[in-house]
Amino acid sequence: MFGKLDWSAIPFDQPIPLIAAAAIGVILAAVLGWITVKGHWPYLWNEWITSVDHKRIGVMYVMLGVVMLVRGFSDVMLMRTHQAAAFGASQGYLPPEHYNQIFSAHGTIMIFFGSMPFIIGLMNFVVPLQLGVRDVAFPTLNSVSFWLTASGALLTNVSLVIGEFARTGWLPYAPLSETSYSPGVGVDYYLWALQIAGVGTLMSGVNLVTTILKMRAPGMGYLRMPMFCWTALGSNMLIVAAFPILTATLAMLTLDRYLGFHFFTNEAGGNPMMFMNLIWAWGHPEVYILVLPAFGIFSEVFSTFSSKPLFGYRSMVLATLFIVVVSFTVWLHHFFTMGAGGDVNAFFGISTSVIAVGTGVKVFNWLFTMYGGRVRFDTPMLWALAFVLYFVVGGMTGVLLAVPPADFLLHNSMFLVAHFHNVIVGGVIFGAMAGYEYWFPKAFGFRLDEGWGKLAFWLTVVGTVVVFGAFYIVGLEGMTRRLQHIDNLAWYDWIMVALAGTLLIAGGVLAQIMQLVVSIRHRDRLRDETGDPWDGRSLEWITPSPPPVFNFPVLPDVHGEEAYWEIKQRAIEQQQLSEVPDYQPIEMPRNSPTGVITAFFCTFVGFALIWHIWWLAALGLVGAYVTFVVFAWRDEVEFEIPAEEVERIDRARRESRQVILERGAPA
Amino acid sequence: MSDHKRLDGDRNDSAPGDEGVNTHEPLSGVKGYAIGLALASLLTAAAFILPGTGLIWGPAIPAALVVLAIAQMGIHLVFFLHITTGSDNQNNVIALAFGVLIVALVVLGSVWIMNHLHHQLMTPADMMRMMR
Amino acid sequence: MRSRFSRSGMRVCLAAGMVLVLSACSGGIMDPAGPVAAGERTIMLDALAIMLAIVLPTMAATVAFAWWYRAGNKRATYRPDFVHSGRIELIVWSIPLLTIMFLGGVIWVGSHRLDPARPLESRVRPLEVQVVSLDWKWLFIYPQQGVASVNRLIIPAGVPVHFELTSASVLNTFFVHQLGSQIYTMNGMRSQLNLQADRPGRYYGQSAHFSGDGFSDMNFWTMAVPVGQFNNWAAAARGNGPVLSAANYRQFARQSQGVKPFTFRAVQPGLFDAVVRQQLPPAPGPETGRGGHTMTSPGDAH
Amino acid sequence: MSGATAQAGRQHGARGHDPYALGHGHGGGGDHEATGHGEGGPASKRIITGYGFWIFLLSDIVMFSGFFAAYAVLAGETAGGPGGRELFELPRVAIETALLLLSSFTCGLGSVATERRSVFWTQIWLLATGLLGVAFLVLEVQEFVQMVAEGAGPQRSAFLSAFFALVGCHGLHVGVGILWLGTMMAQLWVKGFRADILRRLLCFNLFWHALDIIWVALFTIVYLLGSGA
Ligand code: HEO
Ligand code: HEM
Ligand SMILES: [Cu+2]
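Residue numbers (full-length UniProt numbering), protein chains in the order written: chain V, 1 to 667; chain A, 1 to 132; chain W, 1 to 302; chain F, 1 to 229.
Isolated chain V, as found in the complex (with noise of 0.2 Å):
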């Protein structure tokens, strides 16, 4: 009936996950109560949860995000503590079945359920006002999207209370990960929930690429597109390209564990270097999804505090499509230690090096938009500072694993660890930060505090600066990574200093947290009327703030490189704002619940592919079936905003636009 399922399943014996997952139904039931009881249901589920306005979407990917941040920065805490107490004759308080997981967990949660989402849901709010349209190409699916990868972070989760999480790394490399050296559910979890959110992921990308390659506003050409369109584009091409490579790895693993098939087997011809290869061209270009928008972040956020267009833009662009294309070339740099040989280590050593030129370019670019300008040093100001600093030195130790002799030296060290959170956390991290501060006014409509928010900033770069410092020096003293005990005493003081940079982040994330309370209280004092709170360049800032559903209630006639700063400008010079257009009824898409039912039913499909129930798995694909029918069969897929509608909202954007163009200069 239940298949594989039974009470075993629940890790009774390990009180630390079953104290935390208690914790967490407490915290969790207590929500759900809470909503419950003040009737925010209908609320949540028609403004919300069916919502497929890219707006709401977009604000729903971050806030899954910020908390799988903060489930991902929670096995920090148990690795750092544990490690530091798992020298010589002590083992620490984490067998290696579970430390094990927990480094795994963390590498799997952040990278697919926290930057992704993050990134995504940035991407989702900002390009279409950016663009000058009213939502993404297809908001339904956008929706799904979303749930999808709701569905996987909640597979992700369960697995901490029933059964376990993969034991092989974030990566799960075969014939580990097979189910003769795996033979739990572990695996099973990280394939399906991986299975299911990259689905989602896909979806996302096929959804942004075709809205910023086919709606843009009139007049918006592609040399006119922000930065962080191009960005945008770059990376969701790297998504639509590189994650069936993904789908069809964890398909033959899934093959190999369900079905007896020799992918990547020991037996009969199976070939576990396949995996490695295969799941790196994708593994690497992902890297770059993660790292191209936030690049389009900065790109933004130092133009508009340093009162300046971007500075070679068109170099910019060049760069960023340089950098998608070369990205699919380098993916053996992962495994140079494989044995491949002279000719092709040397070859994906030069062009994984040769990367480092378009991002190079990229860097020079940003310093000469401060050259000259007026430069603000609000808090995303200040992160785009810092990851400059800071994402030079990890590019620059990337260039050096690049280097095979010098890899054959440093792979899978503390080195190699320190080299990519100090790009994941300098480029990824600083760059969702910014564009959380950035654009949260604009979500909101009103601003975070700066007091708390410059806290989080200090606390957070001090501490991984001192963190992933100390995991360069203890890398190069030799010590391996994913180490669940340590018996050489010479790499303690190391460990002992990255703890202490751990709870400085810990004191930035609190702090992080705390900005968001302070400012929810204080929203009157901090409101956004204007709609235009840094002085922006772009579409996004011509709207209210919170925009309305419709975004523009008449697309921008778009006539120069920055949009918004020209329509700006032409409205402070001749003393007025552009004439009242002429307000027509806007058609938009309908809420839909066919998201949430869709990744219901992806759920339980999982679930029951996990455990091997396989009843349930056949019931979750027939509803997902008969919710693909129902929604197809749908008569009336949009709702019409009148236009007096229209025009009263639009008149209240005009009132607080009139504030601007009378101080002439906004602050």
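If you're looking for bench data, these hints aren't it; they were derived computationally from the structure. Among the hints, erroneous ones may be present.
[What the hints assert, rightly or not] Computed footprint of chain F on chain V; a stretch qualifies when at least three of its residues, placed anywhere within it, have a C-beta under 8 Å from a C-beta of chain F: (1) 113-121; (2) 209-221; (3) 244-253; (4) 256-262; (5) 536-548.
On a predicted model such as this, the values are computed, not experimentally measured, just so you know. Even for Gly, the Cβ is constructed at its ideal location relative to N, Cα and C.
Given chain V, work out where chains A, W and F with the ligands should sit, using these hints.
Just chains A, W and F with the ligands now, with coordinates in the frame of chain V:
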């Protein structure tokens, strides 16, 4: 209204699979599909039959088959999917080119890497087999 | 070698100094004990120095630009139309490009010279060692001596060693930091590695690739000893200890942790090849995991 | 902010804001017609949908390339079991190919009928397409069953794993396509040529033709080359 301007087809842009916007080309409609079918059948037949006839130099057969396959894919793209070089089709073709590039990189790259690995990590037994 | 980069000589010293101070003589990769490790370290430091020569000024410029052009600075000129410059564009592309071209040369030559499979130049005939990584211990077979050692690698100093490596089960990495060049061990594959210890000493070695529950303690000491002492050791090893036969091997290949170093008095000839060719089947994994039992045992396929 | 910025704005105001000296600051929505080329505003819904689906298809083809890569690498790993030469029956493959090619043709005729807004003929051709697809699947399943019965199932060797996965993945696509087709025929029956149904028909056509293209790669690389040509 600019955004309601053209709801049925842009003059300079067409959906993939749609026939070109300036439709009245000679090779459109049923005729186009028929020609496509004829050409594809021809190429398929050639691929199945030629290797058995001894008309092609043995070692060159794989190359011939690959070329035939590429030609047939081209036929499908042009006559069934209406991918052309027309300006209304640029976006579709660029996307296709990007896709083909990625496919080529992944397949050729993997084969190249795995061949080298296989060669470098060959077991003594394999080496014997190679010699033979 | 260093003098070639005289322009950035200062920084070379700085970088090298920094790194060395940080990890002097810790037994890590900065303290090479053989030609391979030394070559690799030099390449690493060279590459680092070249890159620091660009990265450090970039970082300095970041701080300087941001500070000088701060909004409150009355002396800085505001130039909102300075957004494009063909000259700067050219420079911006060529600086990293040139650096990478040079680095590319280093990569090309280095990858070939230090290819792990490439024999070391030496007048001495290399010692053959066959390495098998097992869950979770190391087996070192000395075909020329006819003995084997578990969890301790004994090699003669000053003599090149030619390793052939494979794995009994999952992927591991053989790595002795001070000798250089780690390499994967994989079931059904035979990797090759050439190393040499220049001076006698005790060097830390470990698996550098995660391989399951016993991975953390899958380390071993490498003892580089004078040639005479090595021969004595081999002779002594031939004197006692069990014999490593195929049957023993199957037993030995089962998962275990914390195995104390010991030696095998004799090794069944061709054992290593049998493992590589999978004539000896891959070693079994654990019996169960949470929520699962082994459905097929890896031996079944044969 | 200040005069200087406003100044900059003013300077460029006249000929459109072109700070990057890209040289086409004429601006305005009217000059160019199509989004694809820059300036015409969002494309029509049909183009957006078609293009989105096109991108999806390309991603699907990349997924196939993963399976193709695996097949190419593992094709020689028969582990002492049967190889393609012993297993593949070219006559059946030839029939399969003919069926699929013909179904691509009927599918195209269907789209011509759709363009002429003939529900009857559209349904007829869709039905023909579906039936040809089913016939193809039947042959493929027959082949699989036969191989498994001969002890040449996917568990036998890495080569057979890769074979079953690759060909099976294509078969799965055909199966899903048939399910989709059936659903859509019902929809067309009930709802007629609504705009969204026309868009779905366009997507289905793309999908079906793409499957045929993949089959070309498949029968060439797997069957023809594999049977030792
Ligand atoms: C967002 C994530 C991200 C980013 C952006 C990068 C960027 C780079 N990475 Fe990293 N990486 C990332 C994430 C990872 N990398 C990894 C592993 C990894 C490895 C394998 C090491 C090993 O396993 O032994 C190599 C060789 C690199 C190289 C590089 C290079 C050359 C870049 C370049 O893109 C950096 C370019 C930037 C530069 C160089 C700085 C700015 C340039 C300037 C200022 C110009 C002048 C500079 C020069 C000319 C040098 N990476 C892993 C390990 C996964 C695992 O094993 O678990 C992860 C997760
Ligand atoms: C912010 C603070 C963070 C800290 C202190 C931190 C710390 C760590 C530590 C200690 C490890 C294990 C190292 C080892 O193998 O011994 C690790 C692994 C890893 N981390 Fe983080 N991390 C942080 C954030 C992130 C983020 C944001 C991401 C990704 C977006 C990330 C991705 C990874 C990955 C992929 C691994 C490898 C997991 C594996 O070995 O399988 N980390 N991290
Ligand atoms: Cu990489």
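Hint-by-hint comparison with the structure:
With a cut-off of 8 Å between beta carbons, the region 113-121 of chain V has 0 residues touching chain F; three or more are needed, and the interface restraint is violated. Judged by the Cβ-Cβ criterion of 8 Å, the region 209-221 of chain V is covered by chain F as claimed, because 11 of its residues qualify and three suffice. Only when three residues or more bring their CB closer than 8 Å to a CB of chain F does the claim for the region 244-253 of chain V stand; here the count is 7, and the claim holds. Closer than 8 Å: that is the beta-carbon criterion, and the region 256-262 of chain V has 5 residues meeting it against chain F, so the requirement of 3 holds.
For the region 536-548 of chain V, the assignment as covered by chain F is violated, since 0 residues bring a beta-carbon within under 8 Å of that chain's beta-carbons and 3 are needed.
Consistency note: the structure conflicts with the earlier hints numbered 1 and 5.
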